[in-house]
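Enquirer: The listed protein sequences derive, respectively, from chains A, B and C.
Residues 1390 to 1610 (my numbering) are what the first sequence spells out, left to right.
Residues 4 to 267 (my numbering) are what the second sequence spells out, left to right.
Residues 11 to 251 (my numbering) are what the third sequence spells out, left to right.
None of these hints come from the bench; they were simulated from the model.
Incorrect hints may appear among the rest.
[Claimed, not checked] Pairs of lysine-lysine, DSS-like flavour, derived with a Cα cap of 27 Å:
1. C/LYS173 to C/LYS160
2. A/LYS1510 to C/LYS231
3. B/LYS174 to B/LYS22
4. B/LYS52 to A/LYS1532
5. C/LYS231 to A/LYS1504
6. C/LYS107 to B/LYS99
Everything numeric in this text was worked out from a predicted model, so none of it was measured.
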Amino acid sequence: MTNRTVVIPGEVIVTGEKFLPGENTERKGKDVVAMRYGLSEESNGLVKVIPLSGVYQPRKGNVVIGKVENITFSGWVVDIDVTENAFLSLSEVPRYVNKNSMSEVLDMGDMVIAKITEANKKSIDLTIKGRGFGKIEEGMIVKINSNKVPRVIGKEGSMINLIKEETKCEITVGQNGFVWIFGEKIENELLAKKAIIFITEKSYIDGLTDEVKKWFEKEKK
Amino acid sequence: MITSNITGNRIKEYLKLGKRFDGRNLDDFREISIEKGISKNAEGSARVKIGETDVIVGVKMDVSEPYPDSLDKGNLMVTSELLPLSSDRFEAGPPKIESIELARVIDRCIRESKFIELEKLCIEKGEKVWTVFIDIYSINADGNLLDAAGIGALVALKDAKIPKYDKKEGKVLYGEHSNERIPLKKENPLTITIHKIGESLIVDPTREEEDVSETRITIGSHKGVISSMQKGNSKEISEEDMHRVLEMMEDVWKKLFLKIEKFL
Amino acid sequence: MTKEKDTGFKRTDGRKFNQIREMKAKVGVVPNADGSALFSFGDTVAIAAVYGPKKMHPQHMQNPEKGTLRYTYNMLSFSVTERIKPGPSRRSQEISKISEWAIEPVLMIDNFPNAVIDVHVNILQANASTRCAGINAAALALAHAGIPMKNIVSSVSIGKLDKQLVVDVSKHEEDWEEGEGATDIPITFTPNGDITHIQLDGKIETKQLKEAIKLAREACKEIYELQKKTLKESIKINEKK
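Let the sequences and hints guide you as you build the complete structure.
Expert: This is how it looks when you write it as structure tokens:
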């Protein structure tokens, strides 16, 4: 894999027919050209650009955190900070809900952790069936750019687990950039928040896990 | 998106312990940075950053007829625009109430304290007087735009030089400064806003904190002499808490003044 | 190479005929925005902030086929010598629209139906060429915001002072009165040499206009290099040890 370099829209990343244009790139003649600002990465001939900014693209299976915007007769309209609102149907709640007491389950303004069951240009459907989903009762919500989420989670969760251990907090990272932090003490939650923001500011460097370990040592002194 | 109830509750809980998310005391301002003369075509200008809140204030002057009820006094006009550039919460279009209130509150503080000696801005009684325009723009909105604007207005006024005026032609010669400053009083009327959240009184809220503010009192004053006051937001405040606000205001004023003195 | 020779024409600020004023560019100047940038030509300073893609309001303006670019150009009241009354003017509305058209050809927003991308450009200080500075800032801000684009665009003004072509017009030159007076030609180019915006007011023969366009192309290459550098340097990657 080649070293990552910063590329800008329209810039030629590599030239050659053997290269395949992956995410956020396109082929122009023999060139593979960047379509977005970010870090270019080439691996086994597949060239892509890892963006560091830009809006979240909802995908089936993603865990997201959103805010209830509206209650209709058949479910809840949830704002997940993208162009289209998401929808949580009554049938996707893991217990019986009386149509007259929908706001007792989820009220306007409530924050909810959900999973995307379907995402296309017309609609985004959610479910809260399953462990770890549902209304958020208390804690802290931090918003980061969705493109930084992979770094906050880390390879196989290594980064987020490090933060959980160091701060003794429960943390759920929504793929749409909303992070829920819940700890015994507000200080712990604030430390986790600070760590997450630190990671988003340094998301493009190598050896980030070590940097974060060192950072925790400093912070805890 | 507005700060969630979840985070809002945490802010309130933490305040009950006398603490804030960024580690500040309840009566501390964030880091303040002030730049003078940042816009060359303005008669005077200033850029004020309080934390991530960023505000630009410019002073322009023009000659016109005086108002009929003040034939020998110059005029003051304060406007403000909460630029859509500065926040996803501000839309393009005619000024909304937040913008109007901000301008009028800053106006009152400067006008009522008689900070600008408007009588000295008369060129010819009944015919020609100077008008001082103070225009406030938000560049990044992270809470407490009002206090930032107030500081900016003071600094911009002090930075301003009066343009030359050709009496014969009746024209203002912009770009040619007279080296004369706007006649200002020694006193510095600072606007400071105190917010009540639960039982706690805080100063200089971030946007997150502002979202959970229940009521706010803005006071324009100089060393304990108050020239303007405004209560905003819809929760009531007890007389006792009002006294707490007034006491807190005096201390906060002194601390803030020390921080920004060298720019005034 | 252009046919325009360096006749030794002395501009009032000492510049050569094809010399651009000192440019400054920076991204990330508005933390709240999804992308933002500052761009200046000498004393002309523009900042741009991008919000989006996001839901478009009012709903009836939504385009179900693709995203919408909405560009707003606005000058601060004290950015010029004679105060501008706050609020949109016919001039600022026109500049907003042509700036939108200057950028739209390079945006790839088919994948954002019903969404709007808001670009807000404010001129903090004006010494002519404000719309060009605005477009340069906007292009940077859009890239910074991660909007998919075919390319960045670069914009510059070419002037004709009496019979002499100059690059990057200042206010003094905009007001040129000697001889044939001033002709002002703001132009925006893609790096591939396509023109996305061109305007003209004044008096110029076709032949010299072609020269002016060539001069603009050269100048825009220089501006593009600064825009590219600014975006690249705002992310500092540690080299692998």
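Enquirer: All hints, please: hold or fail.
Expert: Against the structure, the hints:
Between C/LYS173 and C/LYS160 the alpha-carbon distance is near 37 Å, which puts this suggested pair outside the 27 Å criterion. Restraint check: the Cα-Cα separation between A/LYS1510 and C/LYS231 comes to about 38 Å, which exceeds 27 Å; the hinted pair is violated. Between B/LYS174 and B/LYS22, the direct Cα distance comes to roughly 56 Å. Violation of the 27 Å bound is thereby established for this hinted pair. Simply put, B/LYS52 and A/LYS1532 have alpha-carbon atoms about 23 Å apart, close enough for the 27 Å limit, and the pair holds.
At roughly 47 Å between alpha-carbon atoms, C/LYS231 and A/LYS1504 are farther apart than 27 Å, so this suggested pair is violated. Simply put, C/LYS107 and B/LYS99 have alpha-carbon atoms about 24 Å apart, close enough for the 27 Å limit, and the pair holds.
Hint check: violations occur at hints 1, 2, 3 and 5; the rest are consistent with the structure.
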